[in-house]
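Protein chains in written order, with the working numbering: chain A, 1 to 236; chain B, 1 to 313.
Among the hints, a few may not be true.
Stated by the list, open to error - Below, simulated DSBU-like cross-link-like pairs (lysine-lysine); rule was C-alpha separation at most 30 angstroms, straight line:
no.	chain 1	residue 1	chain 2	residue 2
1	A	K230	B	K15
2	A	K230	B	K63
3	B	K178	A	K16
4	A	K230	B	K74
5	A	K16	B	K74
6	A	K16	A	K230
Rather than coming from a laboratory, the hints here were simulated on the basis of the structure. Note that the structure is predicted; figures quoted are calculated from it, not measured.
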Amino acid sequence: MKRLNESLIIMRKELKGYFNSPIAYIVITVFLAFTGFFFFKDFFYFNQAEMRGLFQTLPLMLSFVIPAVTMKLFAEERQSGSFEILMTLPVSAWDVALGKFFAGAAFSAIMLSPTLIYLVTVFLVGSPDPGPVIGGYIGAILLGAAYTSIGLLASSYTRNQIVSFIIAWAACFLLWIIDKVIIFLPAPLGFLSYFGTDFHFQNIARGIIDTRDVIYFVSLCALSLMFTVKTVEERR
Amino acid sequence: MITVDGLSKSYGDFKAVDDISFKIRDGEITGLLGPNGAGKTTTLRMLSCYLSPDSGSITVDEKKSADNQLDIKKMIGYLPESAPLYSDMMVYDYLKYVAEIRGITDEGRISEVAGVCRITDVMHKNINELSKGYKQRVGLAHAMIHDPQILILDEPTSGLDPIEIVEIRNLIKELGKKKTVILSTHILSEVEATCDRVIIINRGRIVADDSTENLQSAVKGDKDIIFRVSGTDFSGLKSALSGINGIKNIANIDGDEFTSAVLTVDHQAEVRPEIFKTAVQNNWVIYEMKQEHLSLENVFRELTTGGEDEKAK
Chain A
1 MKRLNESLII
11 MRKELKGYFN
21 SPIAYIVITV
31 FLAFTGFFFF
41 KDFFYFNQAE
51 MRGLFQTLPL
61 MLSFVIPAVT
71 MKLFAEERQS
81 GSFEILMTLP
91 VSAWDVALGK
101 FFAGAAFSAI
111 MLSPTLIYLV
121 TVFLVGSPDP
131 GPVIGGYIGA
141 ILLGAAYTSI
151 GLLASSYTRN
161 QIVSFIIAWA
171 ACFLLWIIDK
181 VIIFLPAPLG
191 FLSYFGTDFH
201 FQNIARGIID
211 TRDVIYFVSL
221 CALSLMFTVK
231 TVEERR
Chain B
1 MITVDGLSKS
11 YGDFKAVDDI
21 SFKIRDGEIT
31 GLLGPNGAGK
41 TTTLRMLSCY
51 LSPDSGSITV
61 DEKKSADNQL
71 DIKKMIGYLP
81 ESAPLYSDMM
91 VYDYLKYVAE
101 IRGITDEGRI
111 SEVAGVCRIT
121 DVMHKNINEL
131 SKGYKQRVGL
141 AHAMIHDPQI
151 LILDEPTSGL
161 DPIEIVEIRN
171 LIKELGKKKT
181 VILSTHILSE
191 VEATCDRVII
201 INRGRIVADD
211 STENLQSAVK
221 GDKDIIFRVS
231 GTDFSGLKSA
241 LSGINGIKNI
251 ANIDGDEFTS
261 AVLTVDHQAE
271 VRPEIFKTAV
281 QNNWVIYEMK
291 QEHLSLENVF
301 RELTTGGEDE
311 KAK
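With the hints as extra help, turn the sequences into a complete structure.
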């Protein structure tokens with residue numbers, strides 16, 4: 001319990017750091033502008049009072065936005081040298097990785113929260129099925145956490161934030177696109193679609209919360225965090 | 001007490017630290033002296049548990065550093081070179097963050113440390129707005145916040161102006177009365193001014209390890225006196241002074257309207273009264289007579305020649 005405490009201190013510091021710099025506001029604005037476009041396109045153009053359009057594009061959107069959120073987490077510290085200070089405080093690599101991961105995941109949840117306004121709009125003019133909406137948000141948080149952990153891993157490899165962003169984006173984008181390119185691959189490789197984030201996200205966004213999909217996201221986080229800790233420890 | 005035994009660390013092919021062993025006793029200020037790229041920073045990074053050694057061991061108060069990293073990190077306050085603090089944080093927030101991680105709940109401790117390091121008036125500034133001297137002091141405050149037994153400071157005075165250097169040195173000396181302080185520097189006078197003990201390291205190896213006084217007195221050999229007069233020419237000066245017992249050599253210095261010479265004198269001899277009397281007898285006017293201060297410089301130069309080339313950190 002005491003150990004988790006240190007992660008929480010690091011998380012609080014990182015989260016504060018986000019909102020003390022312009023990055024947070026820029027990222028949130030860009031995210032809302034794009035999601036807003038996809039939401040209101042359906043809303044006005046097709047006269048549909050539902051969230052599906054939003055949740056359909058969300059995985060692709062997050063694969064761009066989350067790397068921008070996570071790119072600095074380790075890279076900035078390595079670049080400025082403060083990593084040395086962090087690692088000589090009485091904290092373990094796990095404390096640091098978890099703290100930064102929680103901060104990134106919490107930030108992506110905060111970033112999602114303004115979309116609840118769309119939800120209010122939808123409920124005002126129509127009567128959408130609550131299942132997919134609840135599922136969609138749970139899926140979005142899980143997906144955000146998974147992408148955050150991938151971004152964190154990418155950030156731990158490099159001291160250059162741009163490199164960190166591009167690696168993270170490439171990895172997230174690959175996971176997004178994998179179940180869409182599966183038709184070009186020979187049939188025996190069909191199992192690869194299970195590795196796709198979009199595949200699992202769309203399952204949850206249908207309103208069916210299957211443990212398999214939840215386990216997929218959780219294990220993606222666990223695996224990335226494990227490698228992050230390994231990288232942090234090895235770079236010593 | 002810190003015991004370092006057979007410590008080595010390589011970066012790729014380059015051996016930054018090569019099998020060094022030393023002991024650091026409690027309550028001493030130890031200076032790690034060496035040219036740039038000698039392995040000082042690497043050694044300190046291993047002591048502070050930032051880097052793990054390739055081989056060898058570090059023991060702090062019977063605790064092996066390899067097995068008790070968290071415990072040892074708690075006992076040590078470490079200030080890396082040029083104090084790379086979180087530049088976008090406020091000084092107070094930063095110290096509070098460090099205090100929280102160190103498990104210090106007492107808010108009074110932050111203002112206490114701020115008082116000792118004299119940063120009370122910048123507590124609400126952002127770290128990136130501070131001058132180097134203030135930043136270094138915030139770094140010291142960060143290292144001292146948990147009142148550690150051991151302070152490790154990597155080049156604590158580099159990049160500071162002369163006044164700040166004196167201030168930081170005094171602060172370190174003050175701290176050294178109660179704590180074990182290990183600092184690294186490539187400036188000799190710093191070691192002479194602050195340290196009880198000095199370890200000279202070059203190319204990753206220890207070349208000398210002794211108290212500052214012992215090392216200073218180890219500089220046997222000769223000393224130089226610079227002598228500048230008018231009223232005579234060099235040959236006259238030479239013939240008049242060569243009779244004095246202890247002067248081994250008299251060499252001419254050209255350059256200005258005076259007759260100038262460097263007198264090489266035996267280490268033990270005090271010849272200045274004799275020189276003065278000679279000058280008075282011959283009606284010379286003395287413009288300068290300066291004995292070159294005996295310093296570690298000679299030892300240092302002797303021990304580290306050829307080690308100046310900068311190597312990968």
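**Item:** Unmet hints by their number, sorted upward, for this structure
**Value:** 3
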